[in-house]
Amino acid sequence: MSEEKNVLSRRAVIKGAAVGGAALAAGSSLSAGTADAATKVKGSTVKWTTRGGGATGDAIAKAVNDAFTKKTGAKVVAQQVNSDDFQNNFAQIMQGSPDDAFGWMAGYRSNHFGEMGLLADLTREIGHLKTNLPTAAIKGATSPVSKKPYILPTTYYPWGLHYRKSMVKDIGMNPEKIGNWDDFVKLMTLTQKKGLVGYSLGAKGGWEAMGSFDVINARVNGYKYHIDLLNGRAKWTDARTKESFKYMAQLIPFMNPNFMDISWDGMRDLLLQKKTGAMMMGSWFANDFKAKSQADYDDLWVVPFPEINPKFGVDTIDAPLDGISVAANGKNVSGGKALAEFWASPEGIAAAVKAGDTNIYVSKSFDTSAYDAFNKQKLAVLAAASNIMFFLDRDARGDFAGPIVGPAIQSFLQKPADVNKILENVQAQWDALPKQ
Amino acid sequence: MKTAATVQKKRSRRSLSTTDRVTLTTFIGIPSLLQIILLWIPAVVTIILSFTYWNGVRLKDIHWAGIQNYKNIFFNNPLFYQALKNNGIWLLFFVLIATPLGILLAYQIDRGIKGHAFFESIYYLPVVLSLAVIGIIWNFMLQPGGFVQGLMGRDIGNAISIWGNAKINTWVILGIASWRHIGYIMLLYLSGLKSVDPALKEAAAIDGATDWQIFRKIILPTMQPVNIIIVVITLIESLRAFDLVYIIYGSPTIFPLLNLLVFQNFAGQGISMKGAAYAVILLILCIVPIITYLRINFQEDLK
Amino acid sequence: MSTAVVQSAEYRNNQKRKDTLISIFIGIFAFVWIFPILWTVWTSLRPYNDIISYGIFSWPRHINFNNYVNAMKEMHIGVYLMNSLIVTVPSVILTLFFGSLVAFVVTRYQYKFNLGILLLFTAGNMLPIVLTYIPVFWMFIWVGELFGNRNMLYNNYGGLILVHVGFQVGFATFVLSSYMKTIPKEISESATIDGANVFRHYWNVILPLLRPALAALSVLMTTWIYNEFFWALVLMSDDSKRPITSALRRLQGQYVTDFNLLAAGAIIAASPTVIMFFVLRKQFIAGLTLGSTKG
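Protein chains in written order, with numbering that gives the first Met the number 0: chain E, 0 to 435; chain Y, 0 to 302; chain U, 0 to 294.
What you were told as hints is all true, and nothing was included just to trick you.
With a straight-line Cα cutoff of 16 Å, these simulated EDC-like cross-link-like pairs (lysine to aspartate or glutamate) come out:
#1 Lys-193(E) <-> Asp-154(Y)
#2 Lys-168(E) <-> Asp-295(E)
#3 Lys-113(Y) <-> Asp-18(U)
#4 Lys-15(U) <-> Glu-201(Y)
#5 Lys-111(U) <-> Glu-299(Y)
#6 Lys-291(E) <-> Asp-257(U)
#7 Lys-61(E) <-> Glu-73(U)
#8 Lys-375(E) <-> Asp-297(E)
#9 Lys-17(U) <-> Glu-201(Y)
#10 Lys-72(U) <-> Asp-257(U)
#11 Lys-164(E) <-> Asp-297(E)
#12 Lys-164(E) <-> Glu-175(E)
#13 Lys-353(E) <-> Asp-371(E)
#14 Lys-353(E) <-> Asp-65(E)
#15 Lys-70(Y) <-> Asp-430(E)
#16 Lys-330(E) <-> Glu-144(U)
#17 Lys-180(U) <-> Glu-299(Y)
#18 Lys-273(E) <-> Asp-154(Y)
#19 Lys-147(E) <-> Asp-120(E)
#20 Lys-41(E) <-> Asp-65(E)
#21 Lys-200(Y) <-> Glu-9(U)
#22 Lys-17(U) <-> Asp-210(Y)
#23 Lys-434(E) <-> Asp-60(Y)
#24 Lys-59(Y) <-> Glu-114(E)
#25 Lys-330(E) <-> Asp-237(U)
#26 Lys-138(E) <-> Asp-321(E)
#27 Lys-72(U) <-> Asp-57(E)
#28 Lys-15(U) <-> Asp-210(Y)
#29 Lys-138(E) <-> Asp-120(E)
#30 Lys-234(E) <-> Asp-430(E)
A few chain U residues facing chain E, derived, Cβ under 8 Å:
#31 Phe-136
#32 Ile-140
#33 Arg-149
#34 Asn-150
#35 Asn-154
#36 Leu-232
#37 Val-233
#38 Ser-236
#39 Asp-237
#40 Asp-238
Please keep in mind that the hints were generated in silico from the structure rather than gathered at the bench.
All C-beta atoms in this analysis are idealised placements derived from N, C-alpha and C, irrespective of residue type, glycine included.
Pulled out of the complex, with its shape left as it was, chain E reads as follows (with noise of 0.2 Å):
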């Protein structure tokens, strides 16, 4: 497996996204390949998913649609689901009657399931945004294998250290300088002092601490460490992979004691209602801080997770790259790309963003300008990296993720002296595993 090239390099995507609206030169080709697709899909009716997201999602997928349709004149039916359930269900569902357009995810997720022929080739949509979208962004949307590109890349975000700043102010601590280890854990020991939480975390889900020990790993042992770990090209079971599990046990004392019991929502809760120091989360929960209060909002703050190791420093971070994908087997397969081409051009992205959407997004055409504080700091946080992972459950395999890695990380955190024990275990399933 190539997931290396399957990165997203940071650079390019930097450089792209800060280009604030450079791309009037590419309007041409690119309103070229929209009205081309909007002669065919007049009159029709096209099927959008949303995964999750709550009223802000719903009122981000209306306004898009809306666009879509005074553009195109096709009839857009959305609806939205339970996020977890569309996953658990996903075979199944491409398998039968998909709705023809829905937010995706890029890496594993859409590159397997594309080279199964369940999501539509976007080769040729692609294309019509090139001009729009930063190499690495294209190249970390095309399946390694096939070099078909299964999703449009709309936004990504950084998985980074949240707190909030007046909170770090309280404790006398300079909230733009969290920068190395010591700071990390006494903003933590001071928290926990005044009886809140250090390091918040929720692992009911079984992936929301992937993201610490994503980060941490690539802290102690490098990016390439970490991807080959992924990939069977390294152990579990090596003295590597467990030093790094030394360090997540740190955080363990720092945590709240119901983290088996609460999901990313209730790690977003305890940060919003000032309960805790610190935690690993990817942005996308400002939208929520927005939605209660435009103070709330202001209080955020993101850093990149200090460095551990001085010979990787911060050079890697979880950068998960949404985008939109199309059902191979839903009814309006054309429909379904104009859609999503009209989400991943700079008219749907306004579009969102008129709507509330805070997500940063990789268009080049987008203006980053008028970017608020957070979200310049969000594209901050990504330029200090040079290594960009999709995160733990998009970089593996889908029977190793979810069934395997998932459970062993709640295990170790419930129970970190067994870490040996669970190591080998983690290992001997991968072994076990059919070749892909």
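Model the placement of chains Y and U on the given structure of chain E, informed by the hints.
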């Protein structure tokens, strides 16, 4: 007399017209086909698939795995043993605690205590709720910021661990499952108890029999058929447990149950035929209670 | 004779005292039993903001049905309730119809395969559902493709109904055949001698006699199918086609913070079976007895 009846029967069967035969065949044929197509063929397919490697999309990707899936489950997967343990505890708890409690409750309510009809309804109420609703209700009671945590003076910042706490979550879940099961058993038993002659009990009491003796010597034997059904229902329900835990956890990793492992490995992104192997293991465990049940119910017919 | 009367009176007195004690104990316990439901109802009547501002134990400042109104409007509960109705009613009717057909044949006609059929149906009722899940799914897709419409069974009410019938008909057959064994054979024999054909024998003679059993079973089946959660989750990909029980799961994720609204949604979802239970309690209990005692 007997021979006359047999002759009569034979004659009536022989006298069936073609239309009648067609009608009878349709009567029995359509439902049987439905059963075979929707239950038995899929069951056999699953058994076969449990010996293959496959990701469930293209037929050409299937290849033979022998007993690898089973070996993998038995030797490499700690979740399997946790699930066995949890299903086992579930079963023991239901058989030894929840079911007897339901019977005791039925026995007491049956004595015609004040407000028995009212109590009957209250204890039965959870049974008519769907597990989705039950999950929401109890999540609401126990979640950080919920009623129970609130009583203990805990907010979300210092909430204690319940769902994820391996020391107590088994009992909490069994408690919720029993909340439903006890009412079910109570009503099953209660309806049977109505057929026990009250004069019999009273006579025994006058003869100096204690409550326990009355229950053991009079009630239990009279209720024999109900008892067996209840035990079998309890066994099957414990092995098939799924909905409640799926609603609460969404994934099988914190509180694994066999049924949840089937679901995780037999569908979605983690699909592999390990899931089929889990399903077959579950089937094998269910076979004993199923056969017991069939034997008891069709004892006479089998002779 | 007279001592027996005295003893009996003493026994009754004793019993009375004991029963009062038990009654109190069971009463207290009953309150604990029903408390979670009451608490959910109570929560559903309070606005979210009251709880956020004053805490869950605060004295209610507002009590109203706004959450219910909002649940119907925002959560589209009405649509999901309708879906439940569309799925449940035909499923129950078909299950009972097929069950009664099989029960009729195996109890009224002496065929060698009768016992085999009964065993097949009863055992089928106890199979773990997940054992069949993926093959049933493929079968639905495959049949759909054969007829040029993948949605013919998958993501279609019809397919869901079919699955419910397939899984419940075993129980209905078992119960109805037990019940039918209590109907004297002579009735059938006289019908046959009178020259009734098989269909009339079933329709005019047996079916009317089955009415109490069918009534009881239908109540029980309605509850089961209405509350069923698994199949709708996996066989319906369109959220707008899901019955309320499965839809609740999505709502649970979506409205996790506004618990008062979710509580109202849950109460609405629970009400059809609860109301049915209180109105048709006798049938309910009869249904359970039919299933548990052999005729």
